[in-house]
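Asks: Join these two chains into a complex; the hints should help.
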Amino acid sequence: EAGVAQSPRYKIIEKRQSVAFWCNPISGHATLYWYQQILGQGPKLLIQFQNNGVVDDSQLPKDRFSAERLKGVDSTLKIQPAKLEDSAVYLCASSLARDSLWVGELFFGEGSRLTVL
Amino acid sequence: GENVEQHPSTLSVQEGDSAVIKCTYSDSASNYFPWYKQELGKRPQLIIDIRSNVGEKKDQRIAVTLNKTAKHFSLHITETQPEDSAVYFCAASLRDMRFGAGTRLTVKP
Chain A
1 EAGVAQSPRY KIIEKRQSVA FWCNPISGHA TLYWYQQILG QGPKLLIQFQ
51 NNGVVDDSQL PKDRFSAERL KGVDSTLKIQ PAKLEDSAVY LCASSLARDS
101 LWVGELFFGE GSRLTVL
Chain B
1001 GENVEQHPST LSVQEGDSAV IKCTYSDSAS NYFPWYKQEL GKRPQLIIDI
1051 RSNVGEKKDQ RIAVTLNKTA KHFSLHITET QPEDSAVYFC AASLRDMRFG
1101 AGTRLTVKP
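Residue numbers (the working numbering), protein chains in the order written: chain A, 1 to 117; chain B, 1001 to 1109.
To be clear, the hints were calculated from the coordinates, so they are not data collected in a lab. It is possible that part of the hints are untrue.
Stated by the list, open to error - No more than 27 Å apart at the CA atoms, straight line, and that leaves these computed lysine-lysine pairs for BS3-like:
hint: 1; chain 1: B; residue 1: Lys1108; chain 2: B; residue 2: Lys1022
hint: 2; chain 1: B; residue 1: Lys1042; chain 2: A; residue 2: Lys44
hint: 3; chain 1: B; residue 1: Lys1037; chain 2: A; residue 2: Lys44
hint: 4; chain 1: A; residue 1: Lys62; chain 2: A; residue 2: Lys15
hint: 5; chain 1: B; residue 1: Lys1057; chain 2: B; residue 2: Lys1037
hint: 6; chain 1: B; residue 1: Lys1068; chain 2: B; residue 2: Lys1058
hint: 7; chain 1: B; residue 1: Lys1037; chain 2: A; residue 2: Lys11
hint: 8; chain 1: B; residue 1: Lys1042; chain 2: B; residue 2: Lys1058
hint: 9; chain 1: A; residue 1: Lys78; chain 2: A; residue 2: Lys15
hint: 10; chain 1: A; residue 1: Lys44; chain 2: B; residue 2: Lys1071
hint: 11; chain 1: B; residue 1: Lys1022; chain 2: A; residue 2: Lys44
hint: 12; chain 1: A; residue 1: Lys78; chain 2: A; residue 2: Lys44
hint: 13; chain 1: B; residue 1: Lys1057; chain 2: B; residue 2: Lys1071
hint: 14; chain 1: A; residue 1: Lys83; chain 2: A; residue 2: Lys11
hint: 15; chain 1: A; residue 1: Lys62; chain 2: A; residue 2: Lys11
hint: 16; chain 1: A; residue 1: Lys83; chain 2: B; residue 2: Lys1042
hint: 17; chain 1: A; residue 1: Lys44; chain 2: A; residue 2: Lys15
hint: 18; chain 1: B; residue 1: Lys1058; chain 2: B; residue 2: Lys1071
hint: 19; chain 1: B; residue 1: Lys1068; chain 2: A; residue 2: Lys44
hint: 20; chain 1: B; residue 1: Lys1042; chain 2: A; residue 2: Lys78
hint: 21; chain 1: B; residue 1: Lys1042; chain 2: A; residue 2: Lys11
hint: 22; chain 1: A; residue 1: Lys62; chain 2: A; residue 2: Lys83
hint: 23; chain 1: B; residue 1: Lys1022; chain 2: B; residue 2: Lys1042
Stated by the list, open to error - Covered stretches of chain A, as calculated for chain B (at least 3 residues, CB under 8 Å):
hint: 24; stretch: 15 to 27
hint: 25; stretch: 47 to 57
The beta-carbon is built from N, C-alpha and C at its ideal position, and this holds for glycine as well.
In isolation and in its complexed conformation, chain B is listed as follows (with noise of 0.2 Å):
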């Protein structure tokens, strides 16, 4: 099956700079690449997706891109706020939905 690893595990930013999470993909054949933002004690919720047809997705103050070749895709996240703190978690897919291990934010003020 697919897996996926995800870097770094956790990343400390002041608030107004940029963050970067990186995940990375076996299976080649994977074509649909989520992100999900979970606050502590809560359920994961999608914040932005990406399909392998696509390179780059932007929204507001998240964006994602995807190298097929590389096997990796990335969310950027402009402009952090303290309420952007939380944990993140890329997926990978193709039939089922399988999640890196997660990346802890912290957004300093």
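The shape of chain A in the complex, shown without the other chains (with noise of 0.2 Å):
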């Protein structure tokens, strides 16, 4: 079974340019999340996506981030413009949970390590 592919791998731009990351998670998970892993912390929740409605996006910053999950398969995180503190791995991960009150193992895509110069 493929696992969650994300791309690119690694990115390096300068501050105030745009980024995008796309996610494909595992066939039949239908939710979707992303996460910003800075160095030497958790992951922390940007947005949650089941199918293709946002379950939880408080942790977006909304004024730069944009995230969406057309036809609920894969998924796009964007960032514009970027700023030197968004250098991190982004990563993303599926589960099977269909229904919003059920949570069950993530499974994460490579991430997709950003650095802001």
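Replies: As structure tokens, this is what we get:
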């Protein structure tokens, strides 16, 4: 079974530039998560989708970050304009959970490492 | 939203000793508590989980205990081995999944 796919694996940009990350979850997984993991810290939830609806985006800096999950499958996370403090690994995860009241194992992708100079 | 605190941030043990990592959570409605292991440069992977209707769960050398009244849960690793060295994250969930800050475990041979 294919795992969660993410791209690009690495990205270096100047501050104020824009960047986009792509995620393809495990086939059949209804729930998709984007996490930001700053070096030495735990994953911070940015946004959670169930199918193509948003369950939680309370920690997403909406003035610069946006995310979408068209057709309930692939997802894109965009940052515009980027700041130095956005340097982190952006992890995408998916789970089978089809009910917002039941959460199961999260399967993570390899992550996209962003460096903002 | 849920807030998860994890202690200690670093833990060093001798091979063969036990290691205990503790977490507290804020939302009494949370009902799912997984533990993830993350090796350097790799993705987090689930090692054990527990649901709120269970007080303890064990899988070989790993066990998790849950105290719903106190809103805390713990990871216990017995007979530690060098390959257990990694960062461990706890998490708590009702509708979403919030992680603790992580514990860097070092097992000295």
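Asks: For every hint, state whether the structure bears it out.
Replies: Evaluation of the provided hints:
A threshold of 27 Å between alpha carbons decides the hint, and for Lys1108 of chain B with Lys1022 of chain B the separation of about 21 Å falls inside it, so the pair holds. At most 27 Å may separate the alpha-carbon atoms for a hinted pair to count; Lys1042 of chain B and Lys44 of chain A meet this at roughly 17 Å. Proximity of Lys1037 of chain B to Lys44 of chain A is assessed by CA-CA distance (about 16 Å); at most 27 Å being required, the pair is judged to hold. Only pairs whose Cα atoms come within 27 Å are accepted, and Lys62 of chain A paired with Lys15 of chain A is accepted, the gap being roughly 17 Å.
A distance of roughly 17 Å separates the Cα atoms of Lys1057 of chain B and Lys1037 of chain B; the hinted pair therefore holds under the 27 Å criterion. At most 27 Å may separate the alpha-carbon atoms for a hinted pair to count; Lys1068 of chain B and Lys1058 of chain B meet this at roughly 18 Å. The suggested pairing of Lys1037 of chain B with Lys11 of chain A holds, with an alpha-carbon distance near 25 Å, which does not exceed 27 Å. Proposed proximity of Lys1042 of chain B and Lys1058 of chain B is supported: the alpha carbons are some 25 Å apart, at most 27 Å.
Between Lys78 of chain A and Lys15 of chain A, the direct Cα distance comes to roughly 14 Å. Compliance with the 27 Å bound is thereby established for this hinted pair. Pair hint Lys44 of chain A plus Lys1071 of chain B holds up; C-alpha atoms about 21 Å apart against a cutoff of 27 Å. Proximity of Lys1022 of chain B to Lys44 of chain A is assessed by CA-CA distance (about 19 Å); at most 27 Å being required, the pair is judged to hold. As the CA atoms of Lys78 of chain A and Lys44 of chain A are separated by approximately 16 Å, the hinted pair is consistent with the 27 Å bound.
A hinted pair counts as satisfied when its Cα atoms are at most 27 Å apart, and Lys1057 of chain B with Lys1071 of chain B qualifies at roughly 17 Å. As the CA atoms of Lys83 of chain A and Lys11 of chain A are separated by approximately 14 Å, the hinted pair is consistent with the 27 Å bound. The hinted pair formed by Lys62 of chain A and Lys11 of chain A meets the criterion: a straight-line CA distance of about 21 Å does not exceed 27 Å. Restraint check: the Cα-Cα separation between Lys83 of chain A and Lys1042 of chain B comes to about 25 Å, which is no more than 27 Å; the hinted pair holds.
Our distance criterion of 27 Å between C-alpha atoms is met by Lys44 of chain A and Lys15 of chain A, whose separation comes to about 21 Å. For the proposed pair Lys1058 of chain B and Lys1071 of chain B, the alpha carbon gap of about 19 Å is at most 27 Å, so the pair holds. For the given pair, Lys1068 of chain B sits about 24 Å from Lys44 of chain A by alpha-carbon distance, which is consistent with the 27 Å threshold. Between Lys1042 of chain B and Lys78 of chain A the alpha-carbon distance is near 23 Å, which keeps this suggested pair within the 27 Å criterion.
With a CA separation close to 17 Å, the supplied pair Lys1042 of chain B and Lys11 of chain A stays within the 27 Å bound. A hinted pair counts as satisfied when its Cα atoms are at most 27 Å apart, and Lys62 of chain A with Lys83 of chain A qualifies at roughly 14 Å. Among the hinted pairs, Lys1022 of chain B with Lys1042 of chain B is consistent with the structure: their alpha-carbon atoms are about 23 Å apart, no more than 27 Å. Counting residues of the stretch 15 to 27 of chain A whose C-beta sits closer than 8 Å to any C-beta of chain B gives 0, which falls short of three, so the coverage hint is violated.
Coverage of the stretch 47 to 57 of chain A by chain B holds in this model, with 3 residues showing a Cβ closer than 8 Å to a Cβ of that chain against a need of three.
The earlier numbered hint that this structure contradicts is number 24, and it is the only one.
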